Amino acid sequence: MGIILWIIFGALVGWIASLIMKTDQRQGAVLNIVVGIVGAVIGGWLMSFFGQTGVTGFNLYSFIVALLGAIVLIVIVKALRRA
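Just so we're aligned, residue 56 is where the sequence shown starts under this note's numbering, counting upward by one.
I should point out that these hints are in silico values taken from the structure, not numbers from a laboratory.
Every value quoted in this text rests on a predicted model; they were computed, and no experiment measured them.
One or more of the hints may lead you astray.
Said to hold, decoys possible - Using C-beta positions, here's what the derived DEER-type ranges look like:
id, residue 1, residue 2, range
1, ARG137, LEU60, 17 to 27 Å
2, ALA134, GLY57, 26 to 36 Å
3, LEU115, ILE62, 30 to 40 Å
4, ARG137, GLY83, 31 to 41 Å
5, ASP79, LEU135, 30 to 40 Å
6, VAL85, VAL130, 31 to 41 Å
7, GLY57, ARG137, 32 to 42 Å
8, THR111, ARG137, 13 to 23 Å
Ideal Cβ positions, reconstructed from N, Cα and C, are used throughout, including at glycine.
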């Protein structure tokens, strides 16, 4: 994917993940993009750990993988902030 698609994909994934995890009010657009892109990397790593493919493009499978990674990232950040 090109850099523009990564930004759009990251923004969409980060926004949906922040809505699911109820952190949308504390996150801005830039943080949603960062959470989405880092979440895609984490999701891809987790899926490769289980023997599956990671993020392969702008499709539903990649969206779900990135969303799972973004949720894992938000859970980790929330746990670290409480500690």
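**OP:** Determine whether the Cβ-Cβ distance between ARG137 and GLY83 falls within the hinted range of 31 to 41 Å.
**Re:** 22 Å, violated
Original post:
Does the hinted range 26 to 36 Å hold for ALA134 and GLY57 at CB?
Top reply: With a Cβ separation near 34 Å, ALA134 and GLY57 satisfy 26 to 36 Å, so the hint holds.
Subject >> Assessment of proposed distance window 30 to 40 Å (beta carbons of ASP79, LEU135) >> reply: 19 Å, violated
Original post:
Taking the CB of GLY57 and the CB of ARG137, does the distance hold inside 32 to 42 Å?
Top reply: The hint (32 to 42 Å, Cβ to Cβ) holds, given that GLY57 and ARG137 are roughly 37 Å apart.
Subject >> Satisfaction of the hinted span 30 to 40 Å by the C-beta atoms belonging to LEU115 and ILE62 >> reply: 19 Å, violated
Original post:
Regarding ARG137 and LEU60, is the given constraint of 17 to 27 Å on their beta-carbon distance met?
Top reply: 34 Å, violated
Subject >> Satisfaction of the hinted span 13 to 23 Å by the C-beta atoms belonging to THR111 and ARG137 >> reply: 35 Å, violated
Original post:
CB of VAL85 to CB of VAL130, is that within 31 to 41 Å?
Top reply: This hint is violated: roughly 21 Å between Cβ atoms.
Of the numbered hints given earlier, the model fails hints 1, 3, 4, 5, 6, 8; all others are met.
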